[in-house]
Structure formats: structure tokens, C-alpha cells
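There are 4 protein chains.
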Amino acid sequence: MSHNSFGHLFRVTTWGESHGPAIGCVVDGTPPGLRFRLSDIQALLDKRRPGQSRYTTQRREPDEVEILSGVVSGDAEGELISTGTPISLMIRNVDQRSKDYSEIAQRYRPGHADIAYDIKYGLRDYRGGGRSSARETATRVAAGAIARLVVPGVRVRGALVQIGSVKIDRARFDWHEVDRNPFFCPDAETAERWTQLLDDTRKRGSSIGAVVEVVAEGVPAGLGAPLYGKLDQDIAAHLMSINAVKGVEIGNGFEAAELSGEENADEIRMGENGEPAFLSNNAGGVLGGISTGQPIVARFAVKPTSSILTPRRSIDAEGQEVEVMTKGRHDPCVGIRAVPIGEAMVACALADHYLRHRGQTGRG
Amino acid sequence: MSHNSFGHLFRVTTWGESHGPAIGCVVDGTPPGLRFRLSDIQALLDKRRPGQSRYTTQRREPDEVEILSGVVSGDAEGELISTGTPISLMIRNVDQRSKDYSEIAQRYRPGHADIAYDIKYGLRDYRGGGRSSARETATRVAAGAIARLVVPGVRVRGALVQIGSVKIDRARFDWHEVDRNPFFCPDAETAERWTQLLDDTRKRGSSIGAVVEVVAEGVPAGLGAPLYGKLDQDIAAHLMSINAVKGVEIGNGFEAAELSGEENADEIRMGENGEPAFLSNNAGGVLGGISTGQPIVARFAVKPTSSILTPRRSIDAEGQEVEVMTKGRHDPCVGIRAVPIGEAMVACALADHYLRHRGQTGRG
Amino acid sequence: MSHNSFGHLFRVTTWGESHGPAIGCVVDGTPPGLRFRLSDIQALLDKRRPGQSRYTTQRREPDEVEILSGVVSGDAEGELISTGTPISLMIRNVDQRSKDYSEIAQRYRPGHADIAYDIKYGLRDYRGGGRSSARETATRVAAGAIARLVVPGVRVRGALVQIGSVKIDRARFDWHEVDRNPFFCPDAETAERWTQLLDDTRKRGSSIGAVVEVVAEGVPAGLGAPLYGKLDQDIAAHLMSINAVKGVEIGNGFEAAELSGEENADEIRMGENGEPAFLSNNAGGVLGGISTGQPIVARFAVKPTSSILTPRRSIDAEGQEVEVMTKGRHDPCVGIRAVPIGEAMVACALADHYLRHRGQTGRG
Amino acid sequence: MSHNSFGHLFRVTTWGESHGPAIGCVVDGTPPGLRFRLSDIQALLDKRRPGQSRYTTQRREPDEVEILSGVVSGDAEGELISTGTPISLMIRNVDQRSKDYSEIAQRYRPGHADIAYDIKYGLRDYRGGGRSSARETATRVAAGAIARLVVPGVRVRGALVQIGSVKIDRARFDWHEVDRNPFFCPDAETAERWTQLLDDTRKRGSSIGAVVEVVAEGVPAGLGAPLYGKLDQDIAAHLMSINAVKGVEIGNGFEAAELSGEENADEIRMGENGEPAFLSNNAGGVLGGISTGQPIVARFAVKPTSSILTPRRSIDAEGQEVEVMTKGRHDPCVGIRAVPIGEAMVACALADHYLRHRGQTGRG
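Residue numbers (this note's numbering), protein chains in the order written: chain A, 1 to 364; chain B, 1001 to 1364; chain C, 2001 to 2364; chain D, 3001 to 3364.
Be aware that a few hints might be false.
In silico DSS-like links for lysine-lysine, alpha-carbon gap of 25 Å or less [what the hints assert, rightly or not]:
#, chain 1, residue 1, chain 2, residue 2
1, D, K3167, D, K3203
2, C, K2167, C, K2047
3, A, K167, B, K1167
4, C, K2167, D, K3167
5, A, K327, A, K203
6, C, K2203, C, K2327
Sample of chain C residues with no beta-carbon within 10 Å of chain B, all distances over it, derived [stated by the list, open to error]:
#, residue
7, R2155
8, F2173
9, W2175
10, R2193
Rather than coming from a laboratory, the hints here were simulated on the basis of the structure. Note that the structure is predicted; figures quoted are calculated from it, not measured. Idealized CB from N, CA, C, for every residue including glycine.
Just chain A, same shape as in the assembly:
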């Protein structure tokens, strides 16, 4: 496949730059007959939308999604029904500040993709980061909203579990807390500590990294394939495709390296419902690349945004040594807004594997 698409049967193609007229995506492979409203997509976009707290970029984008194809109207007011043809979604760019980009046009911001794009393509749309801008992720969230409809009964939720070196307390993990603070933090006490940490970071014009956890419940057993179509492999790839992500783990992840086989094995008993019941979930819901019916658990590390006020040494397009300082509207912790994006990417991977599984085994 080409390089701005992902998925196999549930296939998403995204397009658009930060400062072009619009961004959007084409969602191909949606089964016919799914019922939803545009407001379902909008609600998820609003979660990701910038400018909602002082901890995210102050760019003001309404992020209003338009649906251009792939649906007919249902009977109820505002209800849409998918027809099975590609769904085209578009979001107009509104708040593109007509600022002077001549500096970043010529200077490579350390940690940003500027130098890599210039090496590869010989030119780039430097306005607001162009294609590598975090704006593109709005289209992922929109696609993810469709993806959530594909697998019946699945629920995909994300939370921020670490900012800098401050981790949540697992004993206090509560999904209800996630919507009560500006960090998608499932632990109220940690959320308070993060408030101070991020206020400090923001005031210093600095930035900080984070870890996001995404959990999918209600995933049917049997999704995935043994070796190169592993469900966890595709989830990892989907998450690694998010900008600024540097690591991904499934289940207990890197911690598994420290365990013995006895500690790591998830023992199995028969549940009261007559289904196999695992006594733990170190595997993160996947064995041999195939879902077991347990919750899928994935985590990913997001690096600190590279746009900071402290000058850093770099070079310009002419090869002159310069110092670069990035002013402008930036997230002190891009990990926060990565939560709904991570959810969307996991939802897309699940939708794709659900359709693949139905095709290949006829057991879905």
C-alpha cells in the first residue's frame, strides 16, 4: 500500500497539511448498514481539540467535521447509515495564523522532522509543520470514530498513566476520573501533581514526555493471525505511526523481560459463564498474535514536544550553524492529546482485524 494509508480491509487514507485549506481522510471498507450521527464523530474530535485547557496548544480550531460520501440518511433526524462505499471526512483549517515562517523555513528545529523532510524530498511545506503537524491526527480520530462502530460491543478507552517521571498509582486507577481532569488521568491524586508539574513546564517554555495506556474491552477472541498479521503487531505499528511516539508495549511489555516463566504465565480456569477465564493478563489480551477475549492493553511513550523556548544548537538549510528557539502555540505535553489518538488507532486496528477474521475463517 502506499504510504498515507493504513489497514487492510478497514483502510484509512489521510491527507492534508497544517496550513492548507483542509485536512481529511477516506475510510474504506466500512460494512454497510452501520448507523451513527455526525455528532458521534464530532464528540470524539472535541476530546482531541486543542485549546481546551492551558496545557494544550492555544491554536483555536473548531475542528468541525463534514461527511462527503458513503452514507445515506436514516429515518431518524440526523441519523446516517453507511452504504459500504468509502466515507470521506473533511475538516477545514480555520486558525492558520499568517505569521512569519521564514525562520523555520530555513532553520532545522532539533527533534523536528524539518531536516529529514528536506533530505528526503528536497522541499517541504514548512508552515506549521506541514504534513508532520499534529493537526493530521484529527483525521485519525475521525476515522477511529467509524472504526468503533465496526466491531460489535467493543469499547476502547485511553488514559494518561505517566508524565515525566510521575506515574499514576495503579491501585487508584478509575476510568471515571479520566474525564474529570484536563490530563485524561485515571487517578485524581496524580492529576493534582501533574497540574503543578505542567504549570512549571509551561512557564519555563519547556516540554515533557508521557506514557499513554489504551484498553479495549469486548474484543472477540480470534482476531489476528499467527506471524505477520499479528494483532499486537498491527496495534504496535498503528501506535508507532503517531507523531512523537518512541516506544510501544503490549500487556506487561518491557516488564516481561524481568520475569520468570512462572510469574509471566496467565493461568486459565473455567469461568462461571462456561468460558475460559484467565487469572491474570500479562499477555495484554493477545497470545501468538491472536486475541483471547481478554482486554487488549497497549501502552506507548510520547517524547516531549521539540518546540521549546530554550535555544538549541542546530544548522540551517545552507549548512550554517545557528541557534533555534521555537516560539508559538505549542503543547507542553503532547502526550495529553495523544490519548484520543491512541484510542482511535487501536479502534482502527481492531476494525481491520475483525473484518479480516470474518473473511478468512468465517467464524466471526
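Since the structure of chain A is provided, determine the placement of chains B, C and D on it from the hints.
Below, chains B, C and D alone, put in the same frame as chain A:
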């Protein structure tokens, strides 16, 4: 694409089960005119071959590779030249013990894919793990040997950097040490500590996890694509497709979550050779999904093998609760043999992106 | 890949229905640095645009193309430069008549996809044919306009060579005539005969089939791959994907069945320019799936449009037997407007193979 | 995907050259639980096998197929059950005559791929045609044998309907005749005429073209997708990938160009079984890219083999003008052996679309 292939222009399809007549792979997309010897592939296979020390499974497989297509003979004795047509490689299975598999045929070994396969497919080749056996990875190493030829000047090396909670000392990292101990350990002192740790583990019939690091030097700048064809995304997917891998990271990986933007940014100066010179490599050689010319650095976590002597609670295919204990020939630490496999998967990802880059930009 | 995309490295995804707000496509894989103007795309769209003569549908669509991503402005007024990121093109639907579609909503028009869609999807957007409307082909023409820029020096031209049983006279084939009549006919005398034939057809509310020929000159030798990536195979698939196409041939096509090996072989001499010169082109520019540098010649048969005034027997969605007569604005010969579409599809296939060839051999 | 594979969920990768040690294919995506015997595959291979009459090449290959993976043994003697993992099939090359290939190594045989391969790859395996040899098609037939099992109730049959300018008489079409003559001819009288025609052709060391028809009955309605995943498009592509094929048509094909809409429309009534019953099948079983439940009818034109005894003008690898005459064992009419190959390719396309349909709509 279907689910036993990987790559886009450099495309590998593997086949075979542990106890069938053979395993193999088809390597498609090799450029014409590459010169090599069968012994080049064999040498890499020998690195992965079981039974070379007491720390790996005692199954005795010569792993002799045959080449069935895609080459003509060169002028020199034994020299082969690729023609650009698919290269078919086959390895005969030799040491399939005719043991009694009736127990694992019916009982689901915790941590193994047994239950997942049965849920998905309704049947499985349980002999020696079937398709999910580590034997399959021999074909990856063979494919990787071809991949290494594709990108001129690239060098891909791997090392084991952690077993259980014992990590190497970075200050003592020495590639020369890697071949001097049975662990691919780059640090002689740590190798000694691992000797004792693994002897203990082996004697208890237990197992232990590990972390592997793969470094690719000489990677041309410009490989990869911005969003869904990211080089690091594909490396992550390739590594996550290896059995037992639970986490992957690029550059400083999860550590990036703990850093500030100032700490994490790799500053740039001009090198003496007139090329950009990065002052650090937190990014692991990739910015915005595109290689920068710095070494690519990836790490992955391997869980402890699930085949252990201590009985674990499980169920059988009839839903009866049972205890399972896995006798037989197993690696106490599968992470050891994962080193050449990880190298191979990174080499394949680089070969694929090298060809894609040449196609799409004409700048390679 | 999913089912609304085509191509491998030059990859086009189209979306949109006849009576939705817009139609469009995403062109992925365009090399960076291509210079063009929006008017270059518009000019090709205008060729396909309906309502230009009494022989095409009277639907009045301005077909004004918008470019939403993938370019930056060049120095010259109106000049655009591709950046290598996906190019999103959109065409608003304007003349969607708010007519009563209740009849075709319920009744299956013979020869149309109505019944097939209902069988497959259980529902369809019946307004104006929905996704299967010929309107979708405007997006192909737009994508083809980009494709033409990818292969340096290539020229892709199409002509109508047969309507009903009236074929052009090969001896009078003149590319200059193609733009001088409403049929893209390369033979002025035949164009006159077609005028009468089509006036008759139109007045009777009937329709008629046609054959289109597309010729690509300046195609570099070496594009294509031996067996399943054959250049002619992909051209055939691209052309067969156009609505109403029932047959495709390359070079002398079905006529080859009647020839002996002596007659069919294209003999080779050395040309004055020191290049191989073929003495004939029965092969249509492709040997063994690979271009030889001769012009690529492809033809495809277009069936008569199924929308006719004569009542035909059919059934409705309830399984009742009915008679169906299709009023409305229709092309009496859809083959006419298929000419620029065929050009576009051949251009896309060539662009894709050009990039693939560069990637895989490094000889482009 | 890479260029030696075809299909999407039912995916076949072939490998091998005429004079290498073996040829083979990997069939990926087979659903688990299919029951068959190796002799089922062998029987189809025997149909294609050379040397069975004086009208096909005298190369003597037993074409004995080995199955290397993807199955377990069933209860009955010789019964195999697919496990869902890739099925690897291999056929050893036996009768590679150690003749002197120095002539075709240097001289480009007109009509053959020799010159195209040298242009593209810079080298080729010239022994027996290398990768472009008709031997490769044995692997397609083997893959097709698996494909036939995938779609329940489907029957795919082929027949030769034209050699040179001698066509069968449609009124005498009888499937039972197909196996009673060496031409797969469904019309006994025409078979007799062909006997003389081909004896003449063979004695003159000449060759002649042909047209093959493939009919698939019992194809479920709903397979295919509207625009770029059209069932007829994929069948066309699969057939065009066969060596020497120059044209493909579906249903009435090129004849549709000569018809009016009234003549071409397949009218619909309700059948006695309560299902829609088409009164004709001009469409060849596909409307809008989607199967309707009618038989799929496809035809393809095969050019005369380019290996003939009459000298033809050509050049050699040094650019010297030469005359080329091709001695050796060749089919006077490659169209004959193309019959089982065409069946296999249609079966593969149907298997793939069957799995895709199940995945994407859940209605299969």
C-alpha cells in the same frame, strides 16, 4: 497483503511448521545483480541454530539452507547472482522427535498460542508448536541475509542487553565481546553474571525474559515516509512480529517519557566532513519517520518462554480444568536466539524502505 | 489494499456518489518537485465533462476541481509544486436534480448494478446511480492529470475507434482529427457516419456500444515485472475497472488468436539512433509483461449504456415482476466520454510502474 | 504487494525458473478445515502437463507435486486438512535438457521476453526461458486446485473455443466433449478440423493462436466491489498475467460494442425457485463489478508461441543484427495448455473475492 508476508517492495513470505517436512521463505523484490554465496546465508543461520550451548534448546537441526530459484551462477566458484526474480529458500526439518504430543494436543499450555489457535481456526498442528514454533524464525534469518545485501554499506548488528533484571553496563559496551560468549552479550562482566543466572534458571526448569538491542549503521538518510510508512513504525512492526516480543522502542524509547524537551533534543552541528553531525542520538536515527543518517537503534523485550517444568493451572480442549507442565527441549531464555532474528527483521525493513525510497523520490 | 484504491506506489483512492455533496480522490505517491497548474487538471476534466454536445448526458456540471493538500506555491503565478505528500482533489456536485428517485429505488434497471448492490450491501444510494455513477470517473481524470507528470516525456492519447459496428478506417487515422469532432474520432469520414448513427440512437432513446483505443508514447523500456506485476496486466485491470467496460486487449489483442507465429512476431533491427527498432508492434509495446520502448497500445470495449427509453422486463426489490424504462439525462454512447477516462487510467498505471521500476532496479 | 504474488486474502506467491531445481508456490489465506487429497491437485496438474499429445511440448515432466506445509492428516488414508497456515507446494524440475543455450543467451528471440528482461534487469536466466517459461504455470494450476475448495459449490471449467480463425460452433457446445480430445474442445466436429490444422502447423515448425473460455457456475451473488475491486477486473488481471495472453473479455465482451442497449440488457424475471432469473447473460455474471449469481463467463486470447522454426530478423545482446530460429520442444499452440491455467486463475480470483466478501459484509 495476506498474513504470512511482510514488506512492500522487498517482500518476504514464510511458510512451514515445526514438524512438517520443511520450512522456507520466498524473498521477492531483490534487485538483480547482487552477488553472494550460500555460505553467507548459512553463516547467519548458524548463529541462530539451536543446540549450540546449554542455554538454548537441545533440538539438533543442521538448518542447512537450499536455494531453489532467483539466481544464476557467477564466475567464481560458488558465487551466485540474483536475477531479480523471487528467491525461494528451503530448510528441511530433520530432528522432529516422534514423541507423544497427545498431551499438548488436548491441553492449553498457559502463555502459549494453543488456546488462541483453537479458538480461531478450530484446529491446529500441535506438533512442536506447529506454525507458532520458533523454528519459523530460521526463515526470517535466511531472508535477512538477502536483505543485508540490498542497502549498500549498511551494517546491522544485535546484542542482548538485559536478562531478567540484570542489564549490561553501557560504559563497557563492546561489539567485539558479542561473539565471545553464548549470550551475544556486549559486556564481558555481565556475561559472567548471566552464566550463573541462566544456569540457575535452566536447572529449575524455569525461564526468563530479556531485552535485545539492534543497531544499524550506514543507513542512508531519507528512508521512510511521514505518517503511515514511517521507518520506525515498520521496524517496530517487524520486531513485534517475532514470537514472544511484548515491547519495542526506538532511540531512547520509554525513557523519552521522562525527559524534558531540552534534554531530549538532539542538537546539530556541521561535521568535519561537511555533513550535518548530531550531538546525540535520542531519536535513534529517525525523525518524523525518516532516517537521518545516524545509526538506527531499536530495542525489544522478549518474554520468558512459556514452556516450564513448574505445573501451571489451565484447561483442556473439553473445558476441563487441568495442570500443565511442559517437558521437552526448550530455551531457558528465548531472548538469546532472538538476537540474530531481530537483526534480520531490521535488515528486511531497511531493504524494503531503501527500494521504496528509490522508487518514490528518485533520490536514492 | 482496500477496494476503492488502485496502484502500488502511485496510489489513487477515490470517493463520492452522484448525489452527495462532492466527489474526489487522494493521489498518494506523487514524487516531490513536480510543477503544474490547477488549470492543467481542469483542462483534462473539461474533456470528460458532460453536456458538451448532444451526444453526452445533459447534466450540467462545471466539474471545477479544488486542490486541498500536497502542494506549495511556486514562484510563477498559479504554479504549484508537489511536496510528495498526498494530493487531495475535490469536485463539488452542483447539478443534482431533486427528481423523484422512488422508481429506481425500488426497481432494478436491467444492465445496471442496482440488483447487485442490493444483493451485496442490502442497501444503496440509488440517487443518480450513487457510487456506480459515471460521475466518479471525473476523479479518475483528475488523478490521471497528476499521473501524466510522473513519467518524464510520456504522452498518453485516446481515440474512439468503433461505435456499434462502424469502425474507423486505420489508413485515415489522424490524431489531429480527434479534437475536431464530438466523438474523439481520429478519422473525419467515420465521424460523419457516427453523427447520423448517434442522432438516430439518441432520438430512439436507445444507446450503443463502442471501442476506445489508448496509445502511450515515450514510455521508458523496462517498466513492468515478469508475472503478476505485468505492465499489460495492470493496464488491463485499470481499464476493466471503468464502468461498462467488458473487454480489454493489448497490441493486436484478440486478432493474435488468428495469427501464426511468423505473422505475429515483431522483428527487430537496429535503429538509426543505435537503439533496437521493432519492425511492427503486434505486442503493443509489452513483451513478457515489460515495456520495450515501443508505444503501448490498449483497446477496451464499452457496452451500450443500460439507461434506455424502451421498457425492459425486470423485478423490483420485493421480487415483483415489473417493466422498467429509464428516463432522464443519459449518454447515448458512454464510450465517447470513456476516452479521457481510459487515457487517465493508462497514465496512472504507467506512473505506478515507473516508480516501482525505479525502486526495484535502480535503473530508471 | 510485491510482484510475484496475487490476490488479497487468498494470496498466492509463485517462484521458480524453468531450469532451476524446482518451482513452487505458497498459498496463503486458505480457511482452516478444508479437506482434500494430494491427488486432487495432481489430477489438475496432469491436465496441464506437457507431452500428453503431439500438440504440446515434448518436454517430459512428471510434475509431481509435494505439499510442504499448512495441513495435518485427516482420519481417512491420504486425506489432508488445511490448518489455515500457508500451504507450500513444490514441483521438482526433472527434464531440464543440458542443451547448449549459448545461442538464446545472446540472441533476442522475437516475440519473447528476452530483450525486455535484459533491458530491465541487465541479466537473465536464459535457460529454457527462465522465469518467463510456461513451466511456472504449473504452480498456478496447483494453487487453483486449493482455490476451488474455498468457495462452496463452485465449479470452474474451461474450453478452447478458437484456434487460428476456426471457431467452435456454439450450438454444438458440450462440456462432455472437452475431455475427449487433446484440445479441450467442447465441439467434436471442430476438434477434428483442429487436428488437421495443428498437424500442419506443427509440421511446418510454425505456431498458431487461440481463444480460451472459462465458465464458473455456482458463484454466490455479491462477490466483488464497486470500482477498483471489481470481480471482473480481478478476473481480467488474473488472466492477463498468464504468459502470451493479449486480450480478455467478460460476458459478450467486445461484441457488446456492436449492440444497442435493448439488445444488451439482460432482462430479469422471477425464477421458479423464488430467486431472480436472468433471461440472458450478456453481462457474464457480473453487474457493476459484483457477481449476480449467473455463471461467470470469461474469454482470453493467447498469441501463437514465438518459438518457431522459420528464421526471424532480430538483434543480439551486442546490438548486431542476426536471424533467429528457435529449435527445441515447443507447443505449436500454447492456447491448449492455457485451458487448465485459465481455470486456475479464475478459481483463485473467486476464492479471494469470496473471502473478501465475507470479511467486508458479513453476508457470505
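Practice prompt. Check each numbered hint against the structure and report the violated ones by number, ascending.
Written response: none
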